[in-house]
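Engineer: Build out the structure end to end from the sequences listed, making use of the hints.
In order, the protein sequences belong to chains B and L.
Residues 1 to 298 (the working numbering) make up the first sequence, in order.
Residues 299 to 483 (the working numbering) make up the second sequence, in order.
Careful, some of the hints might be misleading.
Pairs of lysine to aspartate or glutamate residues, derived as EDC-like cross-links and limited to a Cα-Cα distance of at most 20 Å, are as follows [claimed, not checked]:
| # | chain 1 | residue 1 | chain 2 | residue 2 |
| --- | --- | --- | --- | --- |
| 1 | L | Lys-342 | B | Asp-260 |
| 2 | L | Lys-343 | B | Asp-262 |
| 3 | B | Lys-183 | B | Asp-283 |
| 4 | L | Lys-343 | B | Asp-248 |
| 5 | L | Lys-390 | L | Glu-376 |
| 6 | L | Lys-342 | B | Asp-262 |
| 7 | L | Lys-343 | B | Asp-260 |
| 8 | L | Lys-390 | B | Asp-60 |
| 9 | L | Lys-342 | B | Asp-248 |
| 10 | B | Lys-64 | L | Glu-399 |
| 11 | B | Lys-64 | L | Asp-396 |
| 12 | L | Lys-390 | B | Asp-262 |
| 13 | B | Lys-28 | B | Glu-111 |
| 14 | L | Lys-342 | B | Glu-241 |
| 15 | B | Lys-218 | B | Asp-129 |
| 16 | B | Lys-64 | L | Glu-449 |
Covered, in the sense of this in silico footprint (three residues per stretch, anywhere, with C-beta under 8 Å from a C-beta of chain B), are these stretches of chain L [what the hints assert, rightly or not]:
| # | segment |
| --- | --- |
| 17 | 330-341 |
| 18 | 360-373 |
| 19 | 461-469 |
Quick partial rundown of chain L residues pointing at chain B, CB under 7 Å, derived from the structure [as the list claims (entries may be wrong)]:
| # | residue |
| --- | --- |
| 20 | Arg-349 |
| 21 | Thr-439 |
| 22 | Gln-457 |
| 23 | Ser-472 |
| 24 | Ser-473 |
| 25 | Thr-476 |
| 26 | Arg-479 |
| 27 | Glu-481 |
By construction, these hints were calculated from the structure, which means they are not laboratory data.
Beta carbons are placed, not taken as given, at the ideal position from N, Cα and C, and that holds for glycine.
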Amino acid sequence: MRKLILSAVALAAAGIAGVGVVVAWPIKNPVDAIEMTGDAQRGAYLARAGGCIACHTNWDGGGKPLAGGAPLVTEFGTFYPPNLTTSKGAGIGNWTAEQFAAALRQGVSPEGDPYYPAFPYPFYANLSDQDIADLWAAFQTVPAVDEPAPANDVSFPYDQRWGLKLWRAAYMFPPSTRPVEGKSDEWNRGRQLVEGVTHCAACHTGRNFAGGRKLEEKFRGFDGLPGGGRSPAITPEALREGGWSVSDLAYALKTGIMPDGDAFGGSMGEVVTYGTSFMSDADREAMAIYLLNEDETQ
Amino acid sequence: MKLKTILAAAAASSVAMGALAHSGATGIVLERMQAMSAMSEAVKKVTPIMRGEADYDADTVRAAAQTFEEHSGTAMTELFPRDNANEKSYAKPAIWEDWEEFERLAVRLETLSQGLAQAADNGLSADKAETDTGAMMGGGTSAMMGGTSSEVSMEELAQMPADDVFAEISQSCSSCHTRFRAERD
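Structural biologist: Set out below in structure tokens:
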């Protein structure tokens, strides 16, 4: 009996020590100084394509641009996309470009805390220093709004931010944005966008009990989106079966029009309205070529 | 060829009507679905033209514009009476909670439809290669970063290439669906 108690105590101690180790585990990697000059217009393009503006603005509530988005209701709790305006108190006005880089590419706050994956930072990991500089320049043009977004309303155990370090170790997959040899420039550009900044897989891939993406279900759709939404499968096979051509898909990303004459609603409507409708025809076509895997050079 | 197109269109619309009949919708909900269906048929007809994949035909564009106009503005809002809010349909309660915005979008569709009719003879935008989104949205980085851009007026619409006006129309469909239409089961 005594032995049993002792081993239970030992186990508990090991558990606490383990948690201690995780809590102290530094996750932030050093960031080289972002020294190049940013192009604000190009950065704004990335902010549209990446969904920064769609998600961090409460459009339906009449909110100011990037002053904090509509709440995302999930099974883990309610997340409030924070204020990203130049406000020093409520936004990111006090940040450095390097802190901005760490937030986007690593998902780590200036304080060194991991962000919740409601923020799709794993898709931004391969943004170049120039991309970051451009985005940073664009964010400097956003008028300050001095009201902070509400704090996330997340219950135990998901409110234990150290737990996110374990999540990162298990589910923070690097985005496969690097060009593939032998593929056309359009296909590779599509890959860079789809797998990276436009983060299609964030909604179109199933997630497990911990909110981690199930890689084997990539692009097969998901029924458990925040707010009870669902996303269809967007594998090349599923798209073709649904009657989508490259031209259909590129046009839908511009206008919201589907092959059957209907127009997107739901969260895809937001993606198009606040995001992809601002992209260039060439980029939308590249995304469609990649998603349908229709490469002329094949 | 022409007969084939007509037959195909007839078949498509009877399929659409069939789907409506089977949805069990009656009364005003059915009327709504018929109106939406008429618009989606018109969208399907002009989309290949707007994408430059079918020969440009101003009459087809005007006909589509007329269909949109017939179902926009008050013709649209009258199909959503307040006492109908609890009826089972794809209409979200947000329509009645945020009636002003719903009405604004319905009226906007009417303006845009009239604009498309006037722009029908303008043809497609010459250069499809590069869109300067900043300028197109009525501002530079500010509009691109989410700042307000003023709505394009009727006079401006009439001068615009037809495909750009149509893109505004389709985006208004999508905006309205996003806010006010529940997702399909």
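Engineer: For every hint, state whether the structure bears it out.
Structural biologist: Quick rundown of the hints versus the structure:
A hinted pair counts as satisfied when its Cα atoms are at most 20 Å apart, and Lys-342 (chain L) with Asp-260 (chain B) qualifies at roughly 7 Å. A C-alpha spacing of about 12 Å is found between Lys-343 (chain L) and Asp-262 (chain B), which places the hinted pair at or below 20 Å, so the restraint holds. Among the hinted pairs, Lys-183 (chain B) with Asp-283 (chain B) is consistent with the structure: their alpha-carbon atoms are about 16 Å apart, no more than 20 Å. With a C-alpha separation of about 14 Å, the suggested pair Lys-343 (chain L) and Asp-248 (chain B) falls inside the 20 Å cut-off, and the hint holds.
Simply put, Lys-390 (chain L) and Glu-376 (chain L) have alpha-carbon atoms about 16 Å apart, close enough for the 20 Å limit, and the pair holds. For the hint pairing Lys-342 (chain L) with Asp-262 (chain B), the CA-to-CA distance comes to about 8 Å; that is within 20 Å, so the pair holds. A threshold of 20 Å between alpha carbons decides the hint, and for Lys-343 (chain L) with Asp-260 (chain B) the separation of about 10 Å falls inside it, so the pair holds. Taking the CA atoms of Lys-390 (chain L) and Asp-60 (chain B), the gap is near 14 Å; set against the 20 Å cutoff, the hint holds.
Pair hint Lys-342 (chain L) plus Asp-248 (chain B) holds up; C-alpha atoms about 11 Å apart against a cutoff of 20 Å. Between Lys-64 (chain B) and Glu-399 (chain L) the CA atoms are separated by roughly 17 Å; this keeps the pair inside 20 Å, and the hint holds. Distance hint between Lys-64 (chain B) and Asp-396 (chain L) is fulfilled; the C-alpha atoms sit about 18 Å from each other, no more than 20 Å. Using a Cα cut-off of 20 Å, the hinted pair Lys-390 (chain L) and Asp-262 (chain B) holds, with the two alpha carbons roughly 17 Å apart.
Our distance criterion of 20 Å between C-alpha atoms is met by Lys-28 (chain B) and Glu-111 (chain B), whose separation comes to about 10 Å. Only pairs whose Cα atoms come within 20 Å are accepted, and Lys-342 (chain L) paired with Glu-241 (chain B) is accepted, the gap being roughly 18 Å. About 28 Å separates the Cα atoms of Lys-218 (chain B) and Asp-129 (chain B), which puts this hinted pair outside 20 Å; it is violated. For the proposed pair Lys-64 (chain B) and Glu-449 (chain L), the alpha carbon gap of about 17 Å is at most 20 Å, so the pair holds.
Chain B is given as covering the segment 330-341 of chain L, and this holds because 5 residues of the stretch bring a CB closer than 8 Å to a CB of that chain, at least three being needed. Counting residues of the segment 360-373 of chain L whose C-beta lies closer than 8 Å to any C-beta of chain B gives 0; at least three are required, and the coverage claim is violated. Proximity of the segment 461-469 of chain L to chain B, defined as three or more residues with a beta carbon under 8 Å from a beta carbon of that chain, is established by the 4 residues found. Taken as an interface hint, Arg-349 (chain L) checks out: its beta carbon lies about 6 Å from the nearest beta carbon of chain B, inside 7 Å.
For Thr-439 (chain L), the shortest C-beta to C-beta distance to chain B is roughly 5 Å, which falls under 7 Å, so the interface hint holds. A distance limit of 7 Å between C-beta atoms decides the matter here; for Gln-457 (chain L) the minimum to chain B is near 20 Å, and the interface restraint is violated. Restraint check, Ser-472 (chain L) versus chain B: the minimum CB separation of about 3 Å is within 7 Å; hint holds. This hint holds: Ser-473 (chain L) has a C-beta 6 Å from the nearest C-beta of chain B, less than the 7 Å allowed.
For the restraint placing Thr-476 (chain L) at the interface with chain B, the shortest Cβ-Cβ distance is roughly 3 Å, inside the 7 Å limit, so the hint holds. Interface hint at Arg-479 (chain L): satisfied, since its Cβ lies 4 Å from the closest Cβ of chain B, which is below the 7 Å cut-off. The interface hint given for Glu-481 (chain L) is met, as the beta carbon of that residue sits about 5 Å from the closest beta carbon of chain B, less than 7 Å.
Checked against the numbered hints listed earlier, the structure breaks hints 15, 18, 22; every other hint is satisfied.
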